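Visitor: Residues per chain are reported as follows:
2 protein chains.
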Amino acid sequence: MSETMNKQIRLASRPSGWVTEENFTVTEEALPDPGDGQLLVRNIFMSVDPYMRGRMNDTKSYVPPFQIGEVLQAGIVGQVVSSNNADFAESDYVVGMLGWENYSISDGAQLRKIETGAIPLSYHLGILGMPGMTAYVGLHTIAQAQAEDSVFVSAASGAVGSVVGQLAKIHGCRVAGCAGSDDKVALLTDELGFDAAFNYRNSKSLPGSFAEVCPDGIDVNFENVGGEIFEAALWSMRDFGRVALCGMISNYNDEQLQPGPRGMMVIIGRRLRIQGFIVTDHPEACQEYAVKAAGWLAEGKLQYRETIAEGIENAPGAFINMLKGGNTGKQIVQLAAA
Amino acid sequence: MSETMNKQIRLASRPSGWVTEENFTVTEEALPDPGDGQLLVRNIFMSVDPYMRGRMNDTKSYVPPFQIGEVLQAGIVGQVVSSNNADFAESDYVVGMLGWENYSISDGAQLRKIETGAIPLSYHLGILGMPGMTAYVGLHTIAQAQAEDSVFVSAASGAVGSVVGQLAKIHGCRVAGCAGSDDKVALLTDELGFDAAFNYRNSKSLPGSFAEVCPDGIDVNFENVGGEIFEAALWSMRDFGRVALCGMISNYNDEQLQPGPRGMMVIIGRRLRIQGFIVTDHPEACQEYAVKAAGWLAEGKLQYRETIAEGIENAPGAFINMLKGGNTGKQIVQLAAA
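Listed in order, the protein sequences are those of chains A and B.
Residue numbering for the first sequence follows numbering that gives the first Met the number 0, beginning at 0 and increasing consecutively.
Residue numbering for the second sequence follows numbering that gives the first Met the number 0, beginning at 0 and increasing consecutively.
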């Protein structure tokens, strides 16, 4: 193996404002052989996710920041090439946190074996992985959505949002959402079962758009975007409404802290609950979801979309494009043939 | 009775920005006799509370707005003068929502009889009334404070805040707060048992002041003030912290909607829960509190401060003074001798 070269993406510099290609560097090194207890993984699919933007800043958070000069980390589906770890054998397919690179060495602690079969491998990075689990935890554990509730989700065609909407429909809720193009809006209402949706880039008045798609207000807001969209959602909440605060992607590239929604008195007057969450705090709900979701996928009750870029060199571009809303559904980078 | 005159305070105009004396008018009319099922109450103590500012605006909320030209409403402790209502007899002491006036006619629906004894009558408008109940519901039902939690309360020497701090100490929490004068801060730490407090008007840096009084951060923030104080509190929260959003008095006189706290991403990163509440949604907890608080008062475990203005003509001034933080403890207006 030592002659095989491994192409890797490292953090070259911390972005100030929007991420650019200059913040990344592509390097190549010889593959090391796995040591005692280690295994070598050939990376097939890699996930790029909004939360990674936070890890590019040098700020303490629930996950440590990426370090300059080091290989970036991502959720990866790959196949074991060679193993000195009794829990993994050559040819096993695995999913877990590995590097933005063609091959990764791992001690196995962050890896889980997956079965191959009817379900495409990449789904383990999306609807069956962290984004799908995030949708389930936010909707049920955090917002405690009830049948008949009016649910609104922003970034509704994204990896998380598209699952939120479908789970809410399965649960008997009314579902509306917003997305950043007419095509995405059509996907929501024509294929994913949303009751209503709007394109926020065309909206003349966000409160007006919310009133159109949620004429009776919102019981559960699954918030992925923040900023003005969050503000308009808050103003549309019904008494005793719940907000699952999952992300605020509109703020991730801001150089200065942005103010929160105006008119926060509605939180008191309408007795709202706003709760932030991180999916990894809820392993039992995640496990519960994984079983249910595999069944719903098999029954055709869950639809799933991916945008797939090709090649490790294109991972930075795919990440930047995703932050700008260029993807529909889950943004994946394919690093090798399955 | 028909010769007795009744002095009343009516809403003359809706304030734009800060409330002024010009928004009120004093009128006088002859006392009507109570009709069938009605009783006549001689009002003794009247409560002025921050939430009344919201009722002066013409906006739909959980309580209907005051109407121009009509007598304003307030929590009142009074004594029955004459009664055509079988539930109330002459000389009974009562508490409930009546008018900003010397005498009120009532059908009894909003009134509750109170016992006279060791506890001063005015306490039923404060520590034994709505403000005390608000403290209890916010701290326990909403924020679910646990023993050992680090609790912070803003407007800590006020009618609600001073009870929040003492209840938290009884519960085994560490308690810090802020108030608007050095005298109030001394009251908090020297007499009400707070572990630490600061004067926000002297603070050079609110985050710095929070770091001083809560060096290990905040588990429970009982928010009465909003604005920059809320922002600094939010930034000081520990993982899984809870905010009981009770009031945002710093915004009540704003002519335009003010933005919320900057940096709301901490809600996600630290998995915070922010919940607005209205005390009247929680009658069982209120009843539970009333029994406990009477006991704690009798045992000397709860201290209580009032600022008492004299005479119905001074009610508008007392209300305005309270909105500006001129009171220490509960602001009361005494309308007649007990």
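Hint data in this document are derived by calculation from the structure and do not stem from the laboratory.
Source: prediction; values computed, not measured.
Fair warning: there could be bad hints in the mix.
Stated by the list, open to error - Simulated pairs of lysine to any residue, SDA-like, Cα-Cα distance not exceeding 25 angstroms: (1) A/K59 x B/D194; (2) A/K59 x B/S204; (3) A/K59 x B/R269; (4) A/K323 x B/R261; (5) B/K59 x A/F239.
Visitor: Hint by hint, which ones does the structure fall short of?
Guide: When the structure is compared with the hints, only number 1 turns out to be violated.
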